[in-house]
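Peer 1: Sequences are here, hints too, so could you generate the full structure?
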Amino acid sequence: MKLLIVEDDADYAAGLKAEMEALDHRVTVAATGPAGLTAVEREGFDAVILDCMLPQIDGASVARRLRAGGHRLPVLMLSALGRSSEKVGGLEAGADDYVVKPTPAEEIDARLKALIRARGWTGGGETDTLAAGDIVVSPGQHRAWRAGEPLDLTRLEFALLAELARHAGSYLTRAMLLERVWGYDFEPTTNIVDAQIRSLRRKLTVAGGEDPIQTKRGVGYMLHR
Amino acid sequence: MASLRGLTLVFLGAFGAAVAGAGYATYSASHRAVVTLVDRRIEEVSRALLDETRPGDAAAILERVRLFAGRRETGDIGFELEDARGRWLGGNVHLARVIPSGFSTLYRRDRIVGLTAGRALSRDAGGGLRLITMIETEPVDGYNTLRLRNYVLGFGLIALVVLAGTAGFSLLIRRRIAEVRRTAEAIADGDLGSRVPVDPAGGAFAEQAVSFNRMLDRIALLVEGIRNVGGDIAHDLRTPLARLRSRLTRLVEAAPDAALAQELEAALAQCDEMLGMFAAILRIAEVEGGDRRAGFRPVDLAELAVQIGETMADAAEARGGRLVVAADAPAIVTGDRQLLSQALLNLVENALAHGPAGTMVRIAVAQRGDTVLLSVADNGPGIAPADRAAALRRFGRLDASRNTPGHGLGLPLVEAVARLHRGTLALGEAAPGLVVTLTLPRGPTG
Chain A
1 MKLLIVEDDA DYAAGLKAEM EALDHRVTVA ATGPAGLTAV EREGFDAVIL DCMLPQIDGA
61 SVARRLRAGG HRLPVLMLSA LGRSSEKVGG LEAGADDYVV KPTPAEEIDA RLKALIRARG
121 WTGGGETDTL AAGDIVVSPG QHRAWRAGEP LDLTRLEFAL LAELARHAGS YLTRAMLLER
181 VWGYDFEPTT NIVDAQIRSL RRKLTVAGGE DPIQTKRGVG YMLHR
Chain B
1 MASLRGLTLV FLGAFGAAVA GAGYATYSAS HRAVVTLVDR RIEEVSRALL DETRPGDAAA
61 ILERVRLFAG RRETGDIGFE LEDARGRWLG GNVHLARVIP SGFSTLYRRD RIVGLTAGRA
121 LSRDAGGGLR LITMIETEPV DGYNTLRLRN YVLGFGLIAL VVLAGTAGFS LLIRRRIAEV
181 RRTAEAIADG DLGSRVPVDP AGGAFAEQAV SFNRMLDRIA LLVEGIRNVG GDIAHDLRTP
241 LARLRSRLTR LVEAAPDAAL AQELEAALAQ CDEMLGMFAA ILRIAEVEGG DRRAGFRPVD
301 LAELAVQIGE TMADAAEARG GRLVVAADAP AIVTGDRQLL SQALLNLVEN ALAHGPAGTM
361 VRIAVAQRGD TVLLSVADNG PGIAPADRAA ALRRFGRLDA SRNTPGHGLG LPLVEAVARL
421 HRGTLALGEA APGLVVTLTL PRGPTG
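Order-wise, the sequence lines are chains A and B. Taking the UniProt record's numbering, the leading residue of the first sequence gets 1, the next gets one more, and so forth. Taking the UniProt record's numbering, the leading residue of the second sequence gets 1, the next gets one more, and so forth.
Think of the hints as simulated: they come from the structure by calculation, not from any bench. Treat the hints with care, as some may be off.
[Unchecked claim] Heads up, incomplete: computed chain B residues facing chain A, CB under 10 Å, no partners named:
| # | residue |
| --- | --- |
| 1 | ALA242 |
| 2 | ARG243 |
| 3 | ARG245 |
| 4 | GLU273 |
| 5 | ASP336 |
| 6 | ARG337 |
| 7 | LEU339 |
| 8 | VAL348 |
[What the hints assert, rightly or not] Label-pair restraints from in silico Cβ distances:
| # | chain 1 | residue 1 | chain 2 | residue 2 | range |
| --- | --- | --- | --- | --- | --- |
| 9 | B | LEU251 | A | GLU41 | 10 to 20 Å |
| 10 | A | ALA118 | B | ALA329 | 35 to 45 Å |
| 11 | A | GLN56 | B | ALA269 | 38 to 48 Å |
| 12 | A | ARG67 | B | LEU4 | 56 to 66 Å |
| 13 | A | ALA10 | B | GLY202 | 24 to 34 Å |
What you are looking at is a predicted structure, and each value in this text was computed from that prediction instead of being measured. C-beta atoms are modelled at their ideal positions from N, C-alpha and C, and glycine is treated no differently.
Peer 2: Right, here's the structure in full:
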């Protein structure tokens, strides 16, 4: 992917750039909001990583100007503070996602990929059925099937499967699943995501078939397409 | 230190006594003055009347009485001449009562026409005769009533002014105290931006409010400084830790043999533990900042408890124990769903971590009056009452739990969340085991 990092902390930007490049991205760094906006106008990027606290104009204003300029590319906000008010402000300004520094590069990578994949969706919404391999999930009916056989899932397992199916083919990190399935903005000491994935796996494979969920250490989980 | 109410009552009591004392003193002084003047006049008139008659000559004395009664300057004086046996011999007044020799006081009950109060002098007129001379002590009719009315009006008005002043004054003080109290409570609840309103008209209270606010500014600055230091340290240490973590993650994958991979896994776990600790420090700072109150919404604790029961059931079973949830009816509070979830998760994690394998944990949600009780009970070793305060202290790990994972920030975070919701956290005895109860104000129903 071709990424733009808008970040005034040169050390942090350089570190993140190196890490993202190690994950096979091409990265450009802009130190200020106006420089970032100019860069987006000049060349096409696949996504922007935008720091919340920038000199001159802040991250939320940059996001707002991007949207006002008609740019629909995914914007991921980076925050040093992680205050909920800051998060709400960033999302309202038009950012797509929000992470608190220091977030591992793998997490940022997974989130950006999920955002880009989500851009490919063609409207529809929750009532449409989701399919991933031989798994079908119907959020509207709150039911799921594997190879035509209905699955008996708890509410949490269902929500987890639906989220994985919605992003089938992309890795979802633990933090992303905690946010989207549980609604948590924190990581509990107990690995509750792993526990739910384990029991979901059990139920998906009880009638035979390959394990459809792939785990990538330090990154997260992916449902095969 | 006396209370404001007590002080006011003592003041009003003293004031009342002073008014009554002053009234009585004035009344009795003027009364004594009148009596003294009247007595002197009676003495003079009666001596003048008897001076020019022979002692014992009743006819001559009565002649003098007639003369005196007719004179303008002595026309208001009553005379009566009695014989030795107290029989009325003559005079312009008939006193029914026998009075002793010397001065006496006359009252309305003596039934002398036109006299309500007076003085009388009975003196020897020679030959066993007694001359009684009487004068009114009331210069006008109903003088006593009039005097009483003057006192009541005069002193009553003063009393009224003082009472109104006291009431107004105490109202003013009460209002100022209430303003200061509200501010102090807001500060205690974590709103460090709250200040005492300053009366633009100035005055002592305004000066006090300004000083108080300056003190609060200073405290806010210091607290902010401490918070920033804690936050900055946690934040600055988190960045290199995160780098270390991602490097370790890559190393685990590339490890050539299982033994090394296991070592690296252990290092990774320690990394996560430290990151967890910093996250908890930053989280407590965020909660104590109070900003999250802006996002408060109605939250059903029963529903939340059920979700956490479902989430943590596996973790409990993995330790051979069980997690049950007793939350039948909706229990709505106004709060932050994420923080309440985190608090409850922390409590369940604590119960599982500190109990032996096979620990039973019970989450219960109940309404009591205007509060909602959220409790987590276990049948583990519990915490001795003497150790409970230490358990709530930051990094306050008990000796018994030194060997279990955790950073000693779980309960302090839960307590900060309780405080943010204007609730309380209490540790109790579950006999056997520990019961931790969060008491939160009930939110709007429906």
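Peer 1: Indicate, hint by hint, whether the structure satisfies it.
Peer 2: Evaluated hints:
1. ALA242: Since chain A brings a Cβ to about 4 Å from B/ALA242, closer than 10 Å, the hint holds.
2. ARG243: Interface hint status for B/ARG243: holds (7 Å vs cutoff 10 Å).
3. ARG245: This hint holds: B/ARG245 lies near chain A, its Cβ roughly 7 Å from the closest one there, short of 10 Å.
4. GLU273: 9 Å, holds
5. ASP336: 8 Å, holds
6. ARG337: 7 Å, holds
7. LEU339: Since chain A brings a Cβ to about 9 Å from B/LEU339, closer than 10 Å, the hint holds.
8. VAL348: Check passed: Cβ of B/VAL348 comes within 8 Å of chain A, closer than 10 Å.
9. B/LEU251 - A/GLU41: 10 to 20 Å: 41 Å, violated
10. A/ALA118 - B/ALA329: 35 to 45 Å: 39 Å, holds
11. A/GLN56 - B/ALA269: 38 to 48 Å: 42 Å, holds
12. A/ARG67 - B/LEU4: 56 to 66 Å: 59 Å, holds
13. A/ALA10 - B/GLY202: 24 to 34 Å: With Cβ atoms ~52 Å apart, the hint is violated.
Figure legend: structure checked against the earlier numbered hints; hints not met, in rising order: 9, 13.
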